[in-house]
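J.: Each chain, written out:
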Amino acid sequence: MPRFDIPARIIEQIQLVHGIFLLTVKAPAILESAGPGQFCMLEVKYHNSRDPLLRRPLSIYKTLANGRISFLYKEVGKGTRLLSKRCPGEIVRILGPLGQGFRLVRDRPCILVGGGLGIASLLLLAERIKQSGKLIILLGAGNASEIPTIEDFSRLTRDFHIATEDGSLGQKGMVTDLLAQTLQKIKGMAQIYTCGPWPMMKAVYYMARNKNIPCQVSLEATMACGIGLCLGCAVPRSDSQGFLHVCREGPVFDADQVNWEYSQ
Amino acid sequence: MINKSPNLSIKIGSLILKNPVLLASGTCGYGAELSDLLDLDRLGGIIVKGISIRPRAGNPPPRLMETPCGLLNSIGLENVGIDIFLRDKLPWLRNVKTSLIVNILGNSVEEYAEIAKKLDGAEGVNAIEVNISCPNVKTGGIAFGTDPEAAANVTHAVKKTTGLPVIIKLSPNVTDITEVARKVASAGADAISLINTLLGMAIDIKSRRPALANVFGGLSGPAIKPIALRMVWQVVRAVDIPVIGIGGISTPDDALEFLMAGAKAVEIGTATLIRPDTAEDVLAGIRDYMKANSIQNVEDMRLSA
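Listed in order, the protein sequences are those of chains A and B.
In terms of the numbering used here, the first sequence opens at residue 1 and continues consecutively.
In terms of the numbering used here, the second sequence opens at residue 265 and continues consecutively.
Just so you know, not all the hints are guaranteed correct.
[Claimed, not checked] Below, a list of computed lysine-lysine pairs in the DSSO-like style, where the Cα atoms sit at most 30 angstroms apart:
1. B:LYS555 - A:LYS78
2. B:LYS470 - B:LYS447
3. B:LYS361 - A:LYS85
4. A:LYS172 - A:LYS187
5. A:LYS130 - A:LYS45
6. B:LYS381 - A:LYS172
7. B:LYS361 - A:LYS74
8. B:LYS470 - B:LYS382
9. A:LYS45 - B:LYS470
10. B:LYS268 - B:LYS447
11. A:LYS74 - A:LYS211
12. B:LYS382 - B:LYS353
13. A:LYS202 - B:LYS470
14. A:LYS187 - A:LYS78
15. A:LYS45 - A:LYS74
16. B:LYS381 - B:LYS470
17. B:LYS555 - B:LYS361
18. B:LYS282 - B:LYS470
[Claimed, not checked] Partial list, computed: chain B residues near chain A (C-beta under 8 angstroms):
19. GLY293
20. GLY322
21. PRO326
22. GLU342
23. VAL503
[What the hints assert, rightly or not] Here chain B is said to cover these stretches of chain A; the calculated rule only asks that three of the stretch's residues, wherever they fall, bring their Cβ under 8 angstroms from a Cβ of chain B:
24. 53-61
25. 94-100
26. 216-225
27. 229-239
Because the hints were derived from the structure by calculation, they are not lab data.
Glycine is no exception: its CB is placed at the ideal position from the N, C-alpha and C atoms.
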């Protein structure tokens with residue numbers, strides 16, 4: 001699919017809760033070829049500033065009418081802090097859509113497992129699955145404020161469940177508890193898609209493997225280019241044959257390709 | 265004002281480049297990765313990712329760390345190896361209408377020579393850039409770049425096995441870069457390119473561990489430009505062979521500084537990672553500057569000092 005490096009106008013920048021932002025830009029060309037699970041590299045620096053030097057990779061969260069796309073992101077450092085200060089009307093340079101996204105499976109129930117801001121890469125996928133098959137959504141976070149866009153997901157399926165570690169929303173506990181309950185009820189084949197913190201995805205993968213359920217994961221990594229030039233975003237392969245590159249072969253992988261015992 | 269459009273072509277040994285703007289090794293893959301985001305045909309040349317005799321997996325992650333105006337990396341020379349390069353990558357590159365320079369690296373003098381030999385008859389390869397300066401691997405690479413005698417031995421061995429123009433890429437991680445430059449020049453190098461990355465490190469104070477799995481990495485980006493420029497200036501005045509400037513070039517102004525320091529050409533590296541079409545922008549800016557200042561030949565840019 002074609003990709004573009006274009007100046008995009010900021011339509012909206014909303015702080016949903018403290019430190020979590022929803023950025024909406026106008027980028028019709030990118031929207032046109034974007035698929036679920038793909039990401040973009042966003043320039044966060046002002047004009048000719050050389051600091052921060054690198055763009056930031058963000059999942060495409062939502063696509064809207066009139067060529068608008070949204071990114072859901074958390075302020076985690078200098079780059080995302082600068083991005084959060086950008087205002088409607090300003091231009092942000094965006095390269096995308098990038099990477100290999102989720103591969104859709106139509107013949108079985110699909111279980112989406114999202115942890116924290118990992119949900120940012122799952123919404124487009126959820127919307128796509130809803131069109132053609134059975135959709136189960138399981139979300140988890142430390143507390144309710146860490147997932148400020150629940151309605152985007154809960155409106156898509158009745159089979160929507162949430163867990164928070166402090167019990168401030170949904171079931172008290174981990175999203176993997178929800179997954180265990182769901183897997184008990186599943187008869188026959190299923191497909192798992194997951195994105196979230198590494199330990200969560202690792203636990204999800206092992207649960208999936210125990211039940212012989214295929215699992216696709218969306219990984220995150222520090223990136224410089226996002227397009228396979230620098231080879232910086234390496235993740236060890238499970239077959240010990242070197243490394244996967246999150247930007248090029250990913251960010252979505254079959255979970256059994258990844259060496260989950262490697263700690264970052 | 266001069267009405268003729270300025271002459272941007274330059275000569276590196278027997279190699280004629282249509283303009284002095286090249287893509288640096290390790291930041292442009294094997295070309296195909298960014299061909300839809302940048303018009304490769306317009307550039308002076310492309311220097312593909314360093315190739316070793318056998319495929320290399322590279323270093324474990326984390327491999328990258330951003331620093332103020334800079335980037336630390338320890339990729340560890342991950343590459344497909346010479347045989348797969350010749351079979352899978354070179355055919356595509358032959359269709360690109362720009363000079364193709366292949367960056368090579370080895371663990372021994374013999375390995376460098378062996379790769380050079382395999383490239384010698386390869387259709388579409390216009391020159392070889394010899395990497396004796398990677399700071400991220402334990403053997404080879406920088407071991408040759410920091411020892412003037414070893415650098416000369418590699419140069420000599422590569423020159424003996426190939427008729428292609430040979431560019432030696434120098435490391436800045438030495439006390440006196442002119443000493444290495446003089447040695448490789450007298451060993452027969454057709455040109456010198458510099459600088460490779462500067463050895464550096466960062467520590468993650470949250471995890472209390474080095475930020476890179478390899479502990480040390482190579483620093484690139486705008487942060488290193490003044491050092492690179494100073495070294496290019498020194499080497500230009502120490503040797504009689506052409507010098508190619510590398511180090512933090514991300515704007516036309518940056519490139520013009522290197523050309524004024526006496527570099528015949530420049531390589532765009534880290535800037536391509538951030539904006540893939542930087543090299544085109546740099547080229548356009550050089551052309552505009554020449555027109556505005558009535559400079560007919562790009563080679564006339566060098567300052568006399």
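J.: Let me make sure I understand: some of the numbered hints might not hold for this structure. Which ones are they, in numerical order?
T.: Hints 1, 2, 3, 5, 6, 7, 8, 10, 11, 14, 16, 18, 23 and 25 contradicted; others consistent.
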